[in-house]
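Trainee: With the hints in hand, could you dock these two chains into one complex?
Listed below, chain by chain, are the residues.
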Amino acid sequence: MSQDPMESPRRLTEHGELGRVLREANSEFRAGVNESRAFQRLQERRARPALRFAWPEFALVTAVGALALFGIRALRADGSAPAAVAEALRAAPAQRNITLPGRADTNSKRGASEGEHSEEGTHQPLAPAATARPSKALRSSFPASKAPMPAPAVSASPPPPADNSIDCLSLARQGDTAGAQRCFEQRAQGSGLSAEMAAYEGARLRRDVLGDPQGALAALTQYRQRFPNGSLRREADVSILELLVQLGRTQEALTQTEQLLAAPTGKERVAELRLLRARLFRKGGNVSAAAEEYRLVEQLGGAQADEARRRLLELEP
Amino acid sequence: MARAAAGSVVETGSELDAPLVLQCVRGDDAAWRSLHLQYYPVTVAFLRKLGVGDDDIDDAAQEVFLQMHRYLASFRGESELKTWLYRLCITEARRVRRRRRIGDGLRRLLTLSPPSSLLSSPPFSEHSARRRVSAALDSLTENERSVLVLYELEGLPGKQIAEVLGCKEATLWRRLHYARKRFLALMEDSNVEGT
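Here the protein sequences line up with chains A and B, keeping their order.
Just add 1481 to wherever you are in the first sequence, counting from 1, and you've got the working numbering.
Here the working numbering is used: position 82 in the second sequence is 77, and no number is missing along the way.
The shape of chain B in the complex, shown without the other chains (with noise of 0.2 Å):
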């Protein structure tokens, strides 16, 4: 099945990820190094955006990368290793966040105070970027947040970010233009509150 698998990879998909996955699927530790080190950074870096806090972040780019190697013999390779592991990054901050919730409000029934991401939200007045196009994120809804992402801080063409969300790419410009109108706005505030 593996080789089965990593021959369609070959014969269709990325040229450049195809012979370090098929060296991966063959059970090589040496190709697994080599896909980590390209991607984990890339995993870290999308799941932040994503909005997966530092607590989590490590547990969370490291299931991405469990889920990688226990399908990565299934890859087909009809679209690129980098579409499928942005989709693994999107389910597991969904995942992330979820989960986060029920913690808090389980957090809450217990402490019977508001949960601690209500009292530390990030200060306006650190003026460190990623705190701001955070905050102006975390107002968007999930489907805003993650296509905003992929087109404008991931840079993906607009193909790509439809194969990744699993949606068509007039649904996707849609959803885009509310992001951008919302995320435009809310970093304006921020730059006044800022200053």
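Excised from the complex, chain A in its bound form (with noise of 0.2 Å):
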């Protein structure tokens, strides 16, 4: 590829052994079209109101935008971080030092094609800095499968208490815990998204850093009556149900899948849960309660249905 990457190049359809492999492909992928059903179901759609499929939408992207907005990684195995959190950390003065992966270099000319890749680079986990590491207790606490907080600032005295919880985590990235702790409860003292958010915060620093699963719980259902309809509720939903499995509560986690599968966001999830509830009732040894879970899933079809199939099968004496 000596090529100059301005000029218009041969296509690729064009070459020997690569280009039959291309044009084969692209008739595998226009095969298989069934479009007078497609048209039949379109049409019924269409015949349908609006709002009854754009809300989803709309909560997803709302939920979405919120965990963007403030750091949490709803993602941890394919290691995406949240462009805004990203954004703000390059914003702040103390923390300019800190490089993102494949955000190295910005004035050369290669700078301008690696601005084009720069939505690889946002995506890339936060590289911790060299020279401000969190401390070992805090790291053996953090399991680097989890999802990690953002990098610290590098700074020589702790930072002055600042108006967002980014703050309160970088306190948390330094090892001080408890200032992070104390933060997060200050915070979460107002009103407002701030508030919120702070709430849901502490929890998951109790839950991720402290391994405090109890006080996680607690945290949560706090933050739940107090932000009933809070943008981060489904969020704090699901965490509780992960909390109680983790702490043995099937008959509660049973209670919370209930909840979840009543909720509009549970119905979307409606197989993931449902296996979970099997899962549960196969440890509480009701194996004709599991039995009936993995029915419904099989009955639901999608990707769930084969292992919901299989699981059957090992069920059977």
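No lab work stands behind these hints: they were computed from the structure.
In this text the structure is predicted, and so the values were computed from the model without any measurement.
It cannot be assumed that every hint is accurate.
What the hints assert, rightly or not - In silico negatives: residues of chain B with every beta carbon more than 10 Å from chain A:
id	residue
1	26
2	43
3	57
4	70
5	82
6	153
As the list claims (entries may be wrong) - Covered stretches of chain A, going by a simulated chain B footprint (3 or more residues, C-beta under 8 Å):
id	region
7	1516 to 1528
8	1672 to 1682
9	1698 to 1706
Note that CB positions come from ideal geometry on N, CA and C, so glycine has one too.
Mentor: The structure is reproduced here in structure tokens:
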């Protein structure tokens, strides 16, 4: 590939063996399309009022926006970091020396093309600054697979309390977990979105950093009482469920799954929730209830149906 | 409004699509059928190339056509209908991907197990051209993937791709250069693994 990147290249489909593969793939991509059935479905859908399918999108976008804005990493395995947090960290004067992967060089000629690849850069996990690593205790209680807190500010003295929850997280990163907890509690006293976020982040600190699932559960329960219609309500519900499972409080976890299933967002995740219920029933020795849940998942079809079928076979004597 | 919009289509839009679009805007069901018949296979194929999985493809394609139905009256015909369709597809594919990621995250929380996508990456042993190409495309960034698919698989000219992606042509060629570089390396790897 010594070609000038600015020139229109010869298409790969015109190359020998690779061209053949691409042409073959192209026809495979077009295969198996049932247009008439799709048109029938479209007509049915067009007859329905728009609001019915517009609002789950709105809820999803709101939830994702809130997560991205306040640096909560909803996704763990792919290591994506919300761009908003990266931007907030880059904007903070004390933290300008933090290097995000893929964004080291911004002023060379190559920088222009790197800029185009910047999406990739901002989706990488934030790299902790080498000069200010969290304390050993903090690192050991914060497993690598968990979503990391934003990288710490490099500063000679502890930073003064700031106006947003990101600074409370910075305290946690520096090893001052007690200070971070106080910071969150103080901010949670107020009202509005920042208080809500602080309440939630405080709970997350207890769960992920302090290793205090009981305390985290209590904090999340309190969050739910204070902000019954909060923007992170669903996230809190899922976290509560996770903590109940972790603490072995099976019956309460089952009740929680019922609540999630009854919620509109839970309906979208009905298969996952039912699989979890089946697992909890199995754990409690209630094989018939577990089998019933697996059957329900099987009837739903989709990706989870195979797993449900396999689990059902396991249950057979 | 519909009349004005439709009028602009006739004056400035693609000559091939203009009458059909005009009829659709006027509420002609037969024209809608015809438009769907013509563009549905293109939509499905393009969404697949953008990484929309078989589980989501029907809904995603339907959503594209719903968007089209909703906004066709305001389509000004300054670009080809297909260009607009590609844009709708790219937006929809991004939405599906985001939704899928949230779903996977939630699934991990609930089942405490890795997402199914990690467990079931397409095996090269199946040797299907689509699988090989899809696997290589999956490793590209969203921008790289869009530009590569539009140029190499859809065969669009640079100017139209720039229009679809809303970027300068120079930017587009640069993106394509890096996308091709990575894509070729990945295809080569898959060839080695497959043999």
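Trainee: Closer than 8 Å, Cβ to Cβ, for at least three residues: run that test on the region 1698 to 1706 of chain A against chain B and report holds or violated.
Mentor: violated (count 0)
Trainee: Tell me if chain B covers the region 1672 to 1682 of chain A under the three-residue, 8 Å CB rule, please?
Mentor: With 0 residues close enough to chain B, the hint is violated.
Trainee: Can we confirm that no CB of chain A comes within 10 Å of the CB of residue 153(B)?
Mentor: It is violated; residue 153(B) is separated from chain A by about 6 Å at its closest Cβ, not greater than 10 Å.
Trainee: When you look at the beta carbon of residue 57(B), is every beta carbon of chain A farther off than 10 Å?
Mentor: Residue 57(B) not clear of chain A: closest Cβ-Cβ about 6 Å, inside 10 Å.
Trainee: Taking the closest pair, is the beta carbon of residue 70(B) still more than 10 Å from chain A?
Mentor: Holds, because the least Cβ-Cβ distance between residue 70(B) and chain A comes to about 17 Å, which exceeds 10 Å.
Trainee: Hey, is residue 82(B) genuinely clear of chain A, shortest beta carbon separation above 10 Å?
Mentor: Check passes; 18 Å lies beyond 10 Å.
Trainee: Quick one: work out the minimum CB distance from residue 43(B) to chain A and report holds if it exceeds 10 Å, violated otherwise.
Mentor: violated, 5 Å
Trainee: Could you let me know if the closest chain A CB is still more than 10 Å away from the CB of residue 26(B)?
Mentor: holds, 13 Å
Trainee: Verify the coverage statement for the region 1516 to 1528 of chain A against chain B, using a C-beta to C-beta distance below 8 Å and requiring 3 or more qualifying residues.
Mentor: That given contact holds, which follows from 7 residues of the region 1516 to 1528 of chain A lying within Cβ reach (below 8 Å) of chain B.
The structure fails to meet hints 2, 3, 6, 8, 9 from the earlier list, while all remaining hints are met.
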